[in-house]
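Chemist: Okay, here's what each chain looks like letter by letter:
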Amino acid sequence: MADAMLSSFERTFIVGGVEQDFRCDGRSCQDYRHFEVETGIVSNTSGSARLRLSKTDILVGVKAEIGEPHLQKPNQGYIEFFVDCSANASPEFEGRGGEELGTMLAKTLGRAYNHKSAIDLASLCILPGKQCWVLYIDAVVLECGGNLFDSISLAVKAALHNTRIPNVTVSTDEGDVELEISDDPHDCRRLDVSSIPVTVTMSKIGHRHVVDASRQEEACSLAQLLVSVNGNNNICAMQKVGHGALDPDSIFEMIETARSVGKALNKGLLNILKKKNQKQAKIKRKLVSYYRRKIQQKYQIKNLHRFFLRFILAYSNIV
Amino acid sequence: MSVDARLPTKRKRISALAGFEPRHIVSPGDVITEDTGYMRGHGTYVDGDKLIASVAGIVDRVNKLICVRPFKTRYNGEVGDVVVGRITEVGQRRWKVETFSRLDSVLLLSSVNLPGGELRRRSAEDELKMRHFLAEGDLISAEVQSVYSDGSLSLHTRSLKYGKLKEGTLIQVPPSLVKRCKTHFLHLPCGATVILGNNGYVWISPLDNEEATLTDGQTDRLINDDAPQNRF
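In the order they appear, the protein sequences are chains Y and A. Under the UniProt record's numbering, think of the first position of the first sequence as 1, with each following residue one higher. Under the UniProt record's numbering, think of the first position of the second sequence as 1, with each following residue one higher.
Misleading hints may appear alongside valid ones.
[Unchecked claim] Taking lysine to aspartate or glutamate pairs in the EDC-like style, the calculated list, with each CA pair at most 16 Å apart, reads: (1) Y:K263 to A:E34; (2) A:K64 to A:E34; (3) Y:K267 to A:E34; (4) Y:K55 to Y:E180; (5) Y:K274 to A:E34; (6) Y:K274 to Y:E92; (7) Y:K240 to Y:E253; (8) A:K179 to A:E167; (9) Y:K130 to Y:E180; (10) Y:K276 to Y:E38; (11) Y:K275 to A:D4; (12) Y:K267 to Y:E99.
What the hints contain is simulated information worked out from the structure, not anything from laboratory work.
This is chain Y alone, in the form it adopts within the complex:
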């Protein structure tokens, strides 16, 4: 990973601070930096999100396409992850330099989502054994300020919350099956993200462990434990990164911390996404009533039918 260069004095300063539960930016060992989430910012995707955690900047796009299900799981759709480390984030990532880290990030996501509690893949099935929805999730690391694993998992969760999958009607016509995908942007369904896991990275620094390590702290840490915690507060994946050793006792402590932090993260993220939805709904309501008035005035219609209005709005790209 793009490690920060540190002098030995800075290292001892950071390690000493962590030992006293007081980190360089004033946080305690279990505190998270604040993060900003924006959703629905890339117009040609099914769902997108951007997450900023201090200097870390992640952009995620989800594209839903129709494909064939895997032979072993004919009744399920599937998800594919791809992470690209942009050379903007660090000169190290230029050319093929970011590939290794990108694959690792994508694999970690894949492992967390592999668990059946993560996402209801059966709901992505259209025709068992023949057609299903495939979610291509692409993430770009635009800037790297530490804690990539956590921020990508949070951004992916936010993007999936934003994802709209068009409704499909299946009709059989003399044995031929026809799929009709709805053109109406409002005729869609959303995924249930409440149980989707987030990854919490526990970095071991000195004898203690910290959550949400900054780049400098990552450079002082020899071993990390990635714990994916799903919405029910259960652990659905775990992985050790780095060449340092972990004490068996400390692993249990780390898992406990990760669970409580993961719970708070899940809750915080869902809350903020809900709030954003409410805000959008409010704006939409205002707009719709505004245009209803306008149209009524213009065409002298007394009782504009709700569906007719929706039709006009949907195809005039207003809402």
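Fit chain A to the supplied structure of chain Y, relying on the hints for placement.
Modeler: Only chain A this time, still in chain Y's reference frame:
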């Protein structure tokens, strides 16, 4: 334990925060003037009759020349500036120093003080011991001695106030936020020393003469420190 998720919020206007209207601030694409009597300087371009900003910053006018001083920029060094930098490379009679300028700065072996303050020509032995003085990753405070024609800087640490930085934290801010002033070494009454590097690197450390009273495990390490590390 705290987790704080936010939505991107609307920024407040600077004037509302500061209580006064700021100087002429432009963003890329803003028209600075439509008067053709002005010359275009850095950060501007001409489109038709209009002079347009190409960066976000403050408009600077000297007689007929209009420049835009950008907010977010690399550090442009001037002779006499105090900088804080990080050693990235040890080379032939010189160190490469990262100072947030466009090119890495150099610190020549002949422009550092030898340990103990010896005054003599630098020998081949000194050259071999360079990594003992300053190794890769070390932070130093230094002064800009000269600026080369390509804009890269030559630094020197030939004063007791400059040299290797030990315990403390480094904070990075945009260089445009640090004003050139009389002193860049501040000793705060709360017991902290702050070095405001002109390159936007700010170093905060405990007060020098209180080093011996540091807490816990830090004391013995200071005493056991290798001799050359003491102001090399």
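Chemist: Against this structure, judge whether each hint is valid.
Modeler: Now for the hints, and whether the structure bears them out:
1. Y:K263 to A:E34: violated, 57 Å
2. A:K64 to A:E34: Roughly 13 Å separates the two Cα atoms, so the pair holds.
3. Y:K267 to A:E34: Violated. Y:K267 to A:E34 sits at ~53 Å, over the 16 Å cutoff.
4. Y:K55 to Y:E180: violated, 44 Å
5. Y:K274 to A:E34: violated, 47 Å
6. Y:K274 to Y:E92: Violated. Y:K274 to Y:E92 sits at ~38 Å, over the 16 Å cutoff.
7. Y:K240 to Y:E253: Status holds; Cα separation ~15 Å.
8. A:K179 to A:E167: violated, 25 Å
9. Y:K130 to Y:E180: holds, 15 Å
10. Y:K276 to Y:E38: Distance ~9 Å between Y:K276 and Y:E38 Cα, so the pair holds.
11. Y:K275 to A:D4: Since the Cα atoms of Y:K275 and A:D4 sit roughly 14 Å apart, the hinted pair holds (cutoff 16 Å).
12. Y:K267 to Y:E99: violated, 32 Å
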